[in-house]
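Take a look at the letters that make up each chain.
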Amino acid sequence: MSTLRDRMDFRQNAADAVKDASLRRTMRTATDVFATMRTRGLNSLPIDTWRDEASAIRQTILDDLLAYLDQFTAAATKAGAVVHRARDAESARETIFHILKDRGVRKIVKSKSMVTEEIELNPYLEHRGMSVVETDLGEYIVQLAGEPPSHILAPALHMNRKQVGRLFAEKLGVEYSEDPEVLTRIARDVLRKEFLAADAGISGANLAVAETGSLVIFTNEGNGRMVTTLPKLHVAVFTIEKLIPSLRELPTFIRLLPRSATGQPLSSYMSVVTGTRKAEETCGAQELHIVLLDNGRTGILAGEYREILKCIRCSACINVCPVYRVIGGHAYGSTYPGPMGIVLTNLLEGIDKSHPLLDASTLCGACVDVCPVRVPLTDLIRRLRERRVTEGLTPMAERAEMAAFGLVAGSPALFDFAQRVSRLSWPLLEMLSGPGTLERLPRPVKDTFRRRMS
Amino acid sequence: MRVHLFSTCLVDTFFPETGEAVVKLLRHFGAEIHYPKGQTCCGKPPDSAGYAKYARDAAKQFLTVFEGTDPIVVPSGSCASMIKNHYPRMFDDDPSMREKAEQAAARTFELSQFLVHRLAAHEADLSSRGKITYHSSCQLARELGVKREPLLLLESLRGAEFVEMPNFDRCCGFGGTFMGKLPEISMAMADDKAEAIVATQADTVTGCDHGCLMNIRDALRRRGANVQVKHMADLLAEGL
Amino acid sequence: MNPTIDLFMQNAPRVGAHAIFAENREQLASTLLNILADEESVYFPCISDLEKTLAAGCPRRVNDYFGATATVEEATAAIAETGTIVSTSAKGRPVQATLLPAHHVALVSRTNVFQTVDDFFASCMDPLPANITLITGPSRTADIELTLTVGVHGPKRVDIIVF
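Residue numbers (numbering that gives the first Met the number 0), protein chains in the order written: chain A, 0 to 453; chain B, 0 to 239; chain C, 0 to 162.
One or more of the hints may lead you astray.
[Unchecked claim] Cut-off 20 Å, straight-line C-alpha distance, at most; resulting in silico cross-link-like pairs (EDC-like, lysine to aspartate or glutamate):
hint: 1; chain 1: B; residue 1: K229; chain 2: A; residue 2: E438
hint: 2; chain 1: C; residue 1: K90; chain 2: A; residue 2: E280
hint: 3; chain 1: C; residue 1: K155; chain 2: A; residue 2: D188
hint: 4; chain 1: B; residue 1: K130; chain 2: B; residue 2: E194
hint: 5; chain 1: B; residue 1: K36; chain 2: A; residue 2: E397
hint: 6; chain 1: B; residue 1: K130; chain 2: B; residue 2: D93
hint: 7; chain 1: B; residue 1: K180; chain 2: A; residue 2: E385
hint: 8; chain 1: B; residue 1: K59; chain 2: A; residue 2: D47
hint: 9; chain 1: B; residue 1: K180; chain 2: A; residue 2: E280
hint: 10; chain 1: C; residue 1: K51; chain 2: C; residue 2: E25
hint: 11; chain 1: A; residue 1: K231; chain 2: A; residue 2: E279
hint: 12; chain 1: A; residue 1: K445; chain 2: B; residue 2: E16
hint: 13; chain 1: A; residue 1: K445; chain 2: B; residue 2: E19
hint: 14; chain 1: A; residue 1: K18; chain 2: B; residue 2: D190
hint: 15; chain 1: A; residue 1: K277; chain 2: C; residue 2: E25
hint: 16; chain 1: A; residue 1: K77; chain 2: C; residue 2: D125
hint: 17; chain 1: C; residue 1: K51; chain 2: A; residue 2: E280
hint: 18; chain 1: A; residue 1: K161; chain 2: A; residue 2: D178
[Stated by the list, open to error] Beta-carbon label-pair distances, calculated as ranges:
hint: 19; chain 1: C; residue 1: R13; chain 2: A; residue 2: S130; range: 25 to 35 Å
hint: 20; chain 1: C; residue 1: T52; chain 2: A; residue 2: E93; range: 50 to 60 Å
hint: 21; chain 1: B; residue 1: F28; chain 2: A; residue 2: E397; range: 51 to 61 Å
hint: 22; chain 1: A; residue 1: E279; chain 2: C; residue 2: S40; range: 20 to 30 Å
hint: 23; chain 1: A; residue 1: A34; chain 2: B; residue 2: Q102; range: 53 to 63 Å
hint: 24; chain 1: B; residue 1: N225; chain 2: A; residue 2: L44; range: 37 to 47 Å
hint: 25; chain 1: B; residue 1: D91; chain 2: A; residue 2: L413; range: 21 to 31 Å
hint: 26; chain 1: B; residue 1: R97; chain 2: A; residue 2: H97; range: 48 to 58 Å
hint: 27; chain 1: B; residue 1: F28; chain 2: A; residue 2: G302; range: 23 to 33 Å
hint: 28; chain 1: A; residue 1: S176; chain 2: C; residue 2: S122; range: 44 to 54 Å
If you're looking for bench data, these hints aren't it; they were derived computationally from the structure.
The structure presented is a predicted model; accordingly, all values stated were derived computationally and were not measured.
C-beta atoms are modelled at their ideal positions from N, C-alpha and C, and glycine is treated no differently.
The whole structure should be built from the sequences, with the hints applied where relevant.
In structure tokens form, the structure reads like this:
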């Protein structure tokens, strides 16, 4: 079972990641590739207009979420699906488990779903005697390695080809190769057998369409298609805010989501799954169970940080984040890394259990520049930092420093005094703050600019 | 024309020569300078860290001291953006302060913005020497939209060669309090920035924010690189 | 050819599919024969008349897509904006037939080529089939070091004949 690192140890986890030369190299290459692909993919397109549209569509959903959920439920049910509402992780796991157990399911194939990571579904099912095989290549790799994913789209981003080659040789007993083509072919053969032998498929959904009760799933590999059509039983899990109103709004996201994620105009496959096998149809799932998971979303919706719920999990913000680039995904100790991860994790898990992540940002704004649904990420991070202060979770020394700052900034005489004091006490401050910080700064001067101008 | 000069606390405390360079530049273009004595700090550090009250205290001092109608010139992208983009929202619950904030925001210019749009300094045959590269600081570019102006100024310099560094607009890792709170990450980001600078073989790296430049200078020092780090104001004033 | 079809023929190769325009049925049949030259076993769903006719003329046809090396299917539609072909489960079409074999050959009538994704979805009528799949090029992954590999769980090669 793969465990997440402790978020409260974020600084240490990040420091360890920074020292890992192999990880640094891998992350550097990966983020450079994402950047190139993205620039190429967006060249001369009216992206800002699309983003405004997408943001408005997502806001429409949030403004009336319960009504849209009801509409989705009715439409999906009419199309043959059974729709379950799960309040939290525990009830989602139990619901899914019972659906599977009641049908004697033993072997399950999964396509990628961050929400199933969030609720820790795999270990729950495995402890109860079921086998769960991840079929997205990156997920399959981290599953073999016993690690959590480090990126929401490319789960094995933190591993290089040599590491994957060694992993396959060790776990699958194949001859060592570091050629991605060879490794992919090995995985394809192993997983095809699993697809064909599976009793059930579990997937997420990138989006769900309220009017038609449809699920929309983007993949490049084809595993999403396999998982949702080969086994007789398909269980789909996603969080309640993933809706769009109708098929009319889908094209905006078709244009934005793959481009934001990887720079591709469209992923190889996009499946629109509407209920179960119809009368004259010959294949596809005979049973479709949809689990709509809340797990804190209605709470966030009611609060002042609700704009994070516009997020469509495209990973654009993660790919451009200069902090993520240097520390990778595991250092965040959360299902969701990077800018959207900082915000969502603090809201889902509580600021008291996640607030060190709030510091993992310089507020540089690169994420705001790329978010396809215009989530005001730097704003949300700053406002969560304000919440951290009002909840008394900041260190006393920092609160004292900031209070002193407030006094000093409000009074020029005190400001001048503080400048003199800091200059005179610099050697002492250097000693107290330990190596590394003050030596990176210049020394305060005696002849300040305000003195020269008076 | 008359301008109000906001030197910023970094210039005031650590880099007064940049303040003098700004004065020299503005006077060269015929501007008369008023330096309000009661100025302190724009309040960005507490604002970014979540201490809204102390940020407001700083903002109130600024807005009181800088009342007027003349342009306010600021040799820092992050401070200028603080005033232009953040002061108004800080006073959502106080209509009269909000009004003052909006007025101040409308008159505030980052230095390179002012030099290009109000003084046409990029057409004034300024000069420099050597190979120069440029770091685009984050609030300057993304919040103020100041991307072309510094480049126009640098490309216009007679006697100097401008060379673009890879990923010139990627964050350097300063981030105000970030530098002190997460120094390991900050230094790693600065190292990557230093590597990009060294790759250009430039003699000088310049930028519009002393916060970034301090962090970059430290990274270049740690790697033993022989590259000068100069604020845009110092660089341009040298050639006068 | 009209501008929509021109656009489709331009965009399909950009996403890694091969696209050919057939003026008439004879050209369609001979093009198909060329494309299938190296295939050991070819599956046709035999749902549309065109599929039935072409299947009859194919010596290496098989009745099951499991284990077939290629599938030839008449697609529901094509989308010019993205170089996409659309396959659905309507009329009893087996959706896995275009997924499991390594080679997918799609036939699409020129009257079913839509300009944009919006146009295609506007044409979808209630009730929707259980499965609508937009296929844009071969299957791919970049999960190992972001290095592109073509042909993962789905087909490695996609040919499209617009007739």
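Check each numbered hint against the structure and report the violated ones by number, ascending.
Hints 5, 6, 8, 9, 15, 19, 21, 23, 27 are the ones this structure does not satisfy, whereas the remaining hints hold.
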